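Novice: Quick mapping for you: the protein sequence lines, in order, are chains X and H. Just so we're aligned, residue 1245 is where the first sequence starts under this note's numbering, counting upward by one. Just so we're aligned, residue 58 is where the second sequence starts under this note's numbering, counting upward by one.
If you are wondering where the hints come from, they were derived from the structure by calculation, not from laboratory data.
No more than 27 Å apart at the CA atoms, straight line, and that leaves these computed lysine-lysine pairs for DSS-like:
hint	chain 1	residue 1	chain 2	residue 2
1	X	Lys1559	X	Lys1404
2	H	Lys173	X	Lys1308
3	X	Lys1502	H	Lys186
4	X	Lys1502	H	Lys121
5	X	Lys1502	X	Lys1557
6	X	Lys1559	X	Lys1502
7	H	Lys231	H	Lys301
8	H	Lys182	X	Lys1502
9	X	Lys1557	X	Lys1420
10	H	Lys186	H	Lys121
11	X	Lys1559	X	Lys1431
12	H	Lys121	H	Lys182
Nothing here was measured: the structure is a model prediction, and the numbers come from that model.
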Amino acid sequence: MKKVITLVSVLLVLAMFLGACAQTPATEPPAAATEPLRVAVVSPSSINDLAFTQSISDALLVLKAEMGEGLEYAFTENMFVVDDAAAAIRDYATKGYDIVIAHGSQYGSSLQEIAPDFPETVFAWGTTVDTFGMPNVHAYEAASDQGGYVNGVMAGMLTKSKIIGVVGPIETGDAKLYVDGFVAGAKSVDPSIDVRVTYIGSFSDVALAAEAATTHIAAGADILTGSAQMVVGAIGKAEEAGLYWFGTQSNQNAFATKTVVASQVYHWEGILREIIALRAAGTMGGKTFSASLQNGGQVITLNPEVELSDEIKAKVEEVIAGINGGSIVPLP
Amino acid sequence: MISDLLSATVIIGIISSGIRLATPYLFASIGEMFGQRSGVLNLGVEGQMLLGSFVAFYVTLNTKNLWLGVLAAMAVGALMGLAMAFVTVNLHATQGISGIGFYLFGMGMSNLLFQKLVGTVEGVKGFQKISIPLLGEIPVIGDIFFNQNALVYLAFLLVPVAWFVLNKTTLGLKIRAVGENPEAADSLGVSVARIRYLTVIMGGVFSGIAGASLSIALLNVFQQNMTAGQGFIAVALVYFGGWKPFGILGGALLFSLVNALQLWIQVLGIPIPAELAVMMPYILTILVLTLSVSKSRGPSALTKVFEREG
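Build out the structure end to end from the sequences listed, making use of the hints.
Specialist: Pasting the structure below:
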């Protein structure tokens, strides 16, 4: 009996700690007379991962700045265990949050179970295109092949060795789109450019991502890129070797100022604004959104610390215009 | 295409990658081995590594002193080891579940501290490569083996030292006795509790260094959950290595070399699907484990609670 009590108490203390770690309410409930809009986000990694989760966190910060007291939001990060995420999503819905954002493609099946129980709640799920045909589920994705293509064009113009290395996580979702778009972009400059793609099988293994970068460099690559939060190790190796890196998801320019040429930055705030407006008009779900260069859902942010020739800058403008106008289709 | 793998660049690349990848495993596994040889299975290695890795990074970021960073990681690992020892030795809690608890604690705590104290991913100037005089100038071999950072050398030095301590010292004898037959050791006046405290704390210290080797020597950055399961691989490597330092060295090198090999396979465009390539080190480890485990036997008292009679 003593053993059981000890064990249970130990686990409880741990659970308390973890609870404290996981919940990061970003704002206190305001004492305003009008009811603020309440938005909750559940996300797999941390809000400062310099990648996927940071992109949605930054979007909410933008909205908060715009709406002030009119918006109250809560953020549960590090929910890489899907069951925990499901509990958090249900919890927010139960607490009466107006919009619950499940920011991870792995949360789909959980949402499919939870959403029908809360018809008054708007759920948004990304990155995906599937709303399950449910009336209160929106889907959002990033057309990251577009930014990938633009980055690829720049990389193709900058490479001297004609070898470019890509450090990918798992061949899925927006990471795969980005990588495929990047390869197409580089090849559009010169089809003989050898773009070598590695997938390391993990979104978090920083050490293996770094080693993949080192391997690319040893094999002759002079430009690197990659997607997801584990690439910070790879960026470091590019920096050590004095090579260029192209970023995606979040703005990585400041992390390695002389190394990161440009970042494809996701701006989810436009989509969130639309979801909020739709809700005010009575539409609870059923729409699929895509963050593209055209609608401002993604932006190519050049790093001012890295000097680019006018030729490359002009080409970037031209390619972006081409994608927006439909004359360039990154992944036909 | 396959013949591309036999060029000098590739072979040098694979071996030096393998050595770097093996470094955190060596620290963590050797530490874990001492705990297991005394009868305590600590599944919290991953959590100790994460917290060690954060603390080393944070201290280095603020003091610019790398050794202070390592020391801080050791201290944090020791504290977590102390807590693990208290829970399992004094409170007789089940080792497996307690270890998982400490893993979750280390992960949550490292995330929390990272967010409160650092806030964004940034780099730090870590341990630089040291070329060993003369040896470092040997072509090829010098580059692979004698141009590494200080923690890499330490990890490989740890193997013979651990072997010596375990097999040639009184302390090692006591550790083995406590792990094989705690009742007999106790009757001969060896304090089972004291030995287990010592080995589990030591395990924590080495796991802390393992974490530091990532954040301030090999990668020079901290990212949440950056150990990505390496702590659990480290526990598996103890079984793989038959609870022997040189066996662990073999296991860590095999796993890491195959991991480096699969990266090269992908980079060279050898037509093997990426999913299959990343599975290679794991599949190989499981294969060798199933083939070799029958020959080696673990410590008899592993995971068993010791209670003094009378």
